[in-house]
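**Student:** Chains as they are written, first to last, in the numbering used here: chain A, 1 to 366; chain B, 1 to 318; chain C, 1 to 263.
Hints were generated in silico from the structure; no laboratory data involved. For each residue, glycine too, the CB sits at the ideal point set by N, CA and C. Keep in mind that the hints are not guaranteed to be accurate.
Unchecked claim - Have a look at the derived ranges for each label pair, beta carbon to beta carbon: (1) A:Asn155 / C:Leu47: 53 to 59 Å; (2) A:Asp358 / B:Met63: 34 to 40 Å; (3) C:Ile132 / B:Ala83: 44 to 50 Å; (4) C:Ser119 / A:Val156: 52 to 58 Å; (5) C:Leu47 / A:Glu318: 41 to 47 Å; (6) B:Lys99 / A:Asn313: 23 to 29 Å.
Claimed, not checked - Lysine-lysine pairs mimicking DSSO-like chemistry, simulated, CA-CA at most 30 Å apart: (7) A:Lys213 / A:Lys202; (8) A:Lys61 / A:Lys320; (9) A:Lys36 / A:Lys89; (10) B:Lys99 / B:Lys64; (11) B:Lys64 / A:Lys92; (12) C:Lys32 / A:Lys328; (13) A:Lys112 / A:Lys92; (14) A:Lys86 / A:Lys264; (15) A:Lys212 / A:Lys202; (16) A:Lys264 / A:Lys304; (17) A:Lys154 / C:Lys84; (18) A:Lys86 / B:Lys99; (19) A:Lys63 / A:Lys264; (20) A:Lys112 / A:Lys165; (21) A:Lys304 / A:Lys202; (22) B:Lys99 / A:Lys212; (23) A:Lys89 / B:Lys64; (24) A:Lys264 / A:Lys154; (25) A:Lys154 / A:Lys130; (26) C:Lys32 / A:Lys304; (27) A:Lys165 / A:Lys61.
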Amino acid sequence: MLRSTGKILSLSAVVLMATSAISHAEPSEELIAAAKAEGMFSPIALPHDWCGWEGILAGFKAKYPEITLNELNPDAGSADEIEAIKANKDNKGPQAPDMVDVGLSFGPAATKEGLFLPYKVETFDGIDVKDPDGHWYGGYYGVLSFEVNTDIVKNVPQDWEDLLKPEYANSVALAGDPRAANQAILSVYAAGLAASGGDAAKAPQAGLDFFKKLNDAGNFVPVIGKAASLAQGTTPIVIRWDYNALADRDTLAGNPPVEVVVPKSGVLAGVYAQAISAYAPHPNAAKLWMEYIYSDEGQLGFLKGYCHPARFNQLVAEGKVPQEILDKLPPAELYKQAIFPSLEEQDANKNAVTGGWDSVVGANVE
Amino acid sequence: MRRRQGGASASTKRVRMTFTTGEANILGATLPAPTARRQFSFAWLGVMPFLLFALLFLILPTMKIVVGSFQSNEGGFTLANIANLFQPSILAAYWISIKISVASALLGCFVGFLIAWAMVLGGLPGWLRSPILTFSGVASNFAGIPLAFAFLATFGRLGLVTLILRDWFDINIYGLGFNLLSFGGLTLTYLFFQIPLTVLIITPALDGMRREWREAASMLGATGFQYWRIVALPILWPSLLGTFALLFANSFGAVATAYALTGSSLSIVPILLFAQIRGDVLQDPHLGYALAFGMIVITGIANFIYIWLRARSERWVK
Amino acid sequence: MRANRIWSWLFVALGILYFAFPLVGTLEFSLKMRRGAYSLDAYAVVLGDPRFQQTFGYSVLMALATIVVGVLLVVPTAYWVRLKLPRWRPFMEFITLLPLVIPPIVIVFGYIRLYNTSSWLPLTGSAMGTNILLMFGYVVLALPYMYRAVDTGLRAIDIATLTEAAQSLGAGWVTILARVILPNVAVAVLSGAFLTFAIVIGEFVMAALLSRPAFGPYMQLLGANRAYEPAALAVIAFAITWACMALIQVVSRFAPKPPEQQH
Chain A
1 MLRSTGKILS
11 LSAVVLMATS
21 AISHAEPSEE
31 LIAAAKAEGM
41 FSPIALPHDW
51 CGWEGILAGF
61 KAKYPEITLN
71 ELNPDAGSAD
81 EIEAIKANKD
91 NKGPQAPDMV
101 DVGLSFGPAA
111 TKEGLFLPYK
121 VETFDGIDVK
131 DPDGHWYGGY
141 YGVLSFEVNT
151 DIVKNVPQDW
161 EDLLKPEYAN
171 SVALAGDPRA
181 ANQAILSVYA
191 AGLAASGGDA
201 AKAPQAGLDF
211 FKKLNDAGNF
221 VPVIGKAASL
231 AQGTTPIVIR
241 WDYNALADRD
251 TLAGNPPVEV
261 VVPKSGVLAG
271 VYAQAISAYA
281 PHPNAAKLWM
291 EYIYSDEGQL
301 GFLKGYCHPA
311 RFNQLVAEGK
321 VPQEILDKLP
331 PAELYKQAIF
341 PSLEEQDANK
351 NAVTGGWDSV
361 VGANVE
Chain B
1 MRRRQGGASA
11 STKRVRMTFT
21 TGEANILGAT
31 LPAPTARRQF
41 SFAWLGVMPF
51 LLFALLFLIL
61 PTMKIVVGSF
71 QSNEGGFTLA
81 NIANLFQPSI
91 LAAYWISIKI
101 SVASALLGCF
111 VGFLIAWAMV
121 LGGLPGWLRS
131 PILTFSGVAS
141 NFAGIPLAFA
151 FLATFGRLGL
161 VTLILRDWFD
171 INIYGLGFNL
181 LSFGGLTLTY
191 LFFQIPLTVL
201 IITPALDGMR
211 REWREAASML
221 GATGFQYWRI
231 VALPILWPSL
241 LGTFALLFAN
251 SFGAVATAYA
261 LTGSSLSIVP
271 ILLFAQIRGD
281 VLQDPHLGYA
291 LAFGMIVITG
301 IANFIYIWLR
311 ARSERWVK
Chain C
1 MRANRIWSWL
11 FVALGILYFA
21 FPLVGTLEFS
31 LKMRRGAYSL
41 DAYAVVLGDP
51 RFQQTFGYSV
61 LMALATIVVG
71 VLLVVPTAYW
81 VRLKLPRWRP
91 FMEFITLLPL
101 VIPPIVIVFG
111 YIRLYNTSSW
121 LPLTGSAMGT
131 NILLMFGYVV
141 LALPYMYRAV
151 DTGLRAIDIA
161 TLTEAAQSLG
171 AGWVTILARV
181 ILPNVAVAVL
191 SGAFLTFAIV
201 IGEFVMAALL
211 SRPAFGPYMQ
221 LLGANRAYEP
231 AALAVIAFAI
241 TWACMALIQV
251 VSRFAPKPPE
261 QQH
């Protein structure tokens, strides 16, 4: 009896080791077959210039050509993505999104509403920030920076306080709607952290007050800042994630020249969570997609887009990141002082900003 | 965005209908009496595909919206959705939409009228008319996204006109407070298709202004101003008012240009509805129906004013 | 009268300025992609972008389908009403004016609510179904112009005599429509077709809300994220619209004149 138990134990030990060895390997055959049977995958809010999504999408398409990519609304903000899931609860057609890429603070609330399908990718353990049941999991992160069009703005601002200077009249914009987009909501928080000296509890209100001052001074442009508006001079200074700013700098290729500055105080890191919609028309394709982006290949794709992927530390420890990619990333010292707000802090901030923006700042294009 | 050929056909003499119905009678009379009845029902079937199409893809969707705006979540009749339209943010959206539509319609009518007048009655060479009308036809269809890009490239911060004014004339329009992404800027952009539309519609009406009236008026001692006030404008005002109504409706319903110009930051009603359809930003699906219903009512009234006035003005254009 | 003429020239000149500047400005901006020199780089990027080719191809296909379905729907109907149901004309005119009264955003909203996957006609449940729905939406948008054009064309020919002659020679309804009526209204149909083409290519709201990969949403996406390429797209779009209108003008020269037309 003991001997056979021993054999079973050692056998299971072998199996366990074998499975952990292949934990970085291919997804299961059934999953691939099921995904191919569904034939389509509808991601939402994946702009091609954001964090290397273009390369990742191309890689997925090359690996599984039987799955048609149906890209929905690349410019959607995090709140828009959640609303898209809700709006398509009864709709299994090509307008319904299969997955979302939302700011971290949107994850827990949506999980409570039952909007996400729990799933643990093969490499689940290597992910730092995640929901323990697999409803959502952190995808990538970066820090907030100022993206400056140096053709128009000669004196590049170095910190949040600088933005209030009169020389930046009609220049500063957020990269999203502060009532819906994670990027904009956290920009307010970052400004608040700088103004309140790092006090997380006071930061949301301080941030709103900062933007009220910015708006009253006439420096704030109430338009969503993008590469086009930056180059055309409508919004010469945009508060954006560093990876987006760096990608824009590459796309514009010096015409106009773009400088990316991480502010000295209030360096805020933002994590984006990935999740599968509970009402996804193609759940297996969505699972296959998740497997892909958390595989080594997918994670390197994020790095090429200047993002720090979820398994960054693990990959660096395993020596899988090529040196050229590491060199192109923003300096590591900046990331050392970056503040990663907790879920509670982000939640409190989100409620404060989305609720208070209209009444405190009240900036609307007239 | 819309091209009206109503003006052109109004000035064409109608083929007399009696001839056709006479022929139909002859056709009907050649068949034996019992089949005449069957032929009538057969005729009705001939337009069935069209009616089915119109029902499925035009009438039913609209009715669904109209009915839905009066339905509550449980399905019962309610006026609550319409009442909810009167909250400040939505009223503000309607108000901005109406302001922009009125402004672009008024300016479009005025400027378009001047250009049409110059072309028809202003003593310009006749070869100018065809290019102006052709260009008007093209420009009135140039609404939407390309138009927004064009105006950004012209009046934006680094636009052609902005740079010319700054470098040649030392006028910094942005320093003076001008901003393309505003009520004024959007109106300016809308004029690009409103003015040509006016030209297309008003030209036939101006064509109908007989030279004899002008000559008779001056023989009776009227000055130019009096002629316009007493003779010409009373004749033209149905056309002008109708054009205004049409331009208003056109501008009110336009989404693409505003969206491409301002993203979704300008809160006009179509953009609000766009966001609501994409994902319930108003947290109340039935409010979306009410919003759409409000749009239908406003554009409906404006369009029917146009049609009624066009019928009236056609009396003069025989 | 001379004072009048000065004013006239002034108005026309100002008008020309207002309309020329945006066009020139767009063209100039689109050539500025390479720093310091005019170049066609923006056009090269746009035309080489696979998404441009896909979305443009999709919209062209949609436009052609819309034209075919529109002609098949409108020509027999307009003919039938003229011939057999003259008392229905006001009713038909009312229906064909409805798409101009009801904003397209409301129509597509109705589609989404009416034809989603939980309805009796789940058109939005599949890509093909949504394509068909979008095409019918485009037919609705083009209906006023198509119907008006065909009706004007039918007015110019004597359909009653033509029909009677064809019937006496033993033709059935399909033959009459296809081989007698259609060739005679070909010019009017072509005018309507070009206008439909211009409308469909630039259309944004319906395609965006039904999430179809059409040219309109692509233009809007590029406009948000790129600086110089949107200007190139605008020039291309304008050139296409102009070409359509020019073709209408050319084709209209060959229209048969109605028998009793006064000038």
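**Student:** Mind listing which of the numbered hints don't hold for this structure, in increasing order?
**Tutor:** Violated: hints 1, 3, 6, 14, 17, 18, 19, 20, 21, 25 and 27.
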